[in-house]
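From first to last, the protein sequence lines are chains A and B. This note's numbering numbers the first residue of the first sequence as 16 and each following residue consecutively. This note's numbering numbers the first residue of the second sequence as 53 and each following residue consecutively.
Check each hint, because a few of them may be wrong.
With a straight-line cut-off of 27 Å between C-alpha atoms, the simulated DSS-like cross-links for lysine-lysine are [stated by the list, open to error]:
1. Lys-94(B) to Lys-131(B)
2. Lys-131(B) to Lys-157(B)
3. Lys-54(B) to Lys-157(B)
4. Lys-26(A) to Lys-72(A)
5. Lys-54(B) to Lys-94(B)
6. Lys-72(A) to Lys-94(B)
7. Lys-94(B) to Lys-157(B)
8. Lys-72(A) to Lys-97(B)
9. Lys-97(B) to Lys-54(B)
10. Lys-157(B) to Lys-97(B)
11. Lys-26(A) to Lys-94(B)
12. Lys-97(B) to Lys-26(A)
13. Lys-72(A) to Lys-32(A)
14. Lys-97(B) to Lys-131(B)
15. Lys-54(B) to Lys-72(A)
Hint data in this document are derived by calculation from the structure and do not stem from the laboratory.
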Amino acid sequence: GAGVSQSPSNKVTEKGKDVELRCDPISGHTALYWYRQSLGQGLEFLIYFQGNSAPDKSGLPSDRFSAERTGGSVSTLTIQRTQQEDSAVYLCASSLRDGGINEQFFGPGTRLTVL
Amino acid sequence: RKEVEQDPGPFNVPEGATVAFNCTYSNSASQSFFWYRQDCRKEPKLLMSVYSSGNEDGRFTAQLNRASQYISLLIRDSKLSDSATYLCVVRSGGYQKVTFGIGTKLQVIP
Chain A
16 GAGVSQSPSN KVTEKGKDVE LRCDPISGHT ALYWYRQSLG QGLEFLIYFQ GNSAPDKSGL
76 PSDRFSAERT GGSVSTLTIQ RTQQEDSAVY LCASSLRDGG INEQFFGPGT RLTVL
Chain B
53 RKEVEQDPGP FNVPEGATVA FNCTYSNSAS QSFFWYRQDC RKEPKLLMSV YSSGNEDGRF
113 TAQLNRASQY ISLLIRDSKL SDSATYLCVV RSGGYQKVTF GIGTKLQVIP
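With the hints as extra help, turn the sequences into a complete structure.
Take a look at the structure:
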């Protein structure tokens, strides 16, 4: 079946511009995560959605970052007034349900470059 | 201290060798543990979960030591295709937020 998809795969933008990154999770997966990975670094947690519960936004690095998940499915990560340090690969993952040992399935990521 | 710590390597080992990685975690209340594999410029994929009693999947063995707060991954008879970065993942709390380690890079040499 279809896996997690993300778009665009690559995004080059100028400093100060806003960008929107999209994630389509696996159908039926109630949990959705956003991470970012800078070159040579580990995955940095950004935000987590679980069903209709309030999202865990504890990983968002600044108020320039926001995310929403509409209808419990597609999610959009928005970065306003991008800075060069925002350059990274942004990864989305989904998993079947809350609790237990539930595998996170990752999308291919969006490589963001801020010039 | 980081929540999850790994030696970033790289570990360069010859084909057929046995190699082991450790990962330490700081939260003693951590509940679930995993190893993910990430190939260069690819997304991470689950390699195996780590159970309290330890578990084995073919050439791969994962173990958990709660007293010393570390998990380990042992790879026997290394193959060239094992070359990747191995990410240690720890879940704490009653929901699905997990913390990834920086990853240990393995390079298997012919």
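Structure-based check of all given hints:
For the suggested pair Lys-94(B) and Lys-131(B), the alpha carbons sit about 19 Å apart, so the restraint of at most 27 Å is met. Simply put, Lys-131(B) and Lys-157(B) have alpha-carbon atoms about 14 Å apart, close enough for the 27 Å limit, and the pair holds. At most 27 Å may separate the alpha-carbon atoms for a hinted pair to count; Lys-54(B) and Lys-157(B) meet this at roughly 19 Å. For the hint pairing Lys-26(A) with Lys-72(A), the CA-to-CA distance comes to about 23 Å; that is within 27 Å, so the pair holds.
Distance hint between Lys-54(B) and Lys-94(B) is fulfilled; the C-alpha atoms sit about 25 Å from each other, no more than 27 Å. Pair hint Lys-72(A) plus Lys-94(B) holds up; C-alpha atoms about 25 Å apart against a cutoff of 27 Å. Note on Lys-94(B) and Lys-157(B): the hinted pairing holds, with a Cα-Cα distance of about 14 Å set against a maximum of 27 Å. A C-alpha spacing of about 24 Å is found between Lys-72(A) and Lys-97(B), which places the hinted pair at or below 27 Å, so the restraint holds.
Between Lys-97(B) and Lys-54(B) the CA atoms are separated by roughly 23 Å; this keeps the pair inside 27 Å, and the hint holds. Distance hint between Lys-157(B) and Lys-97(B) is fulfilled; the C-alpha atoms sit about 15 Å from each other, no more than 27 Å. Taking the CA atoms of Lys-26(A) and Lys-94(B), the gap is near 17 Å; set against the 27 Å cutoff, the hint holds. Taking the CA atoms of Lys-97(B) and Lys-26(A), the gap is about 23 Å. The hint holds against a cut of 27 Å.
Among the hinted pairs, Lys-72(A) with Lys-32(A) is consistent with the structure: their alpha-carbon atoms are about 22 Å apart, no more than 27 Å. As the CA atoms of Lys-97(B) and Lys-131(B) are separated by approximately 18 Å, the hinted pair is consistent with the 27 Å bound. A distance of roughly 20 Å separates the Cα atoms of Lys-54(B) and Lys-72(A); the hinted pair therefore holds under the 27 Å criterion.
Against the hints set out earlier in the document, no violation occurs for any number.
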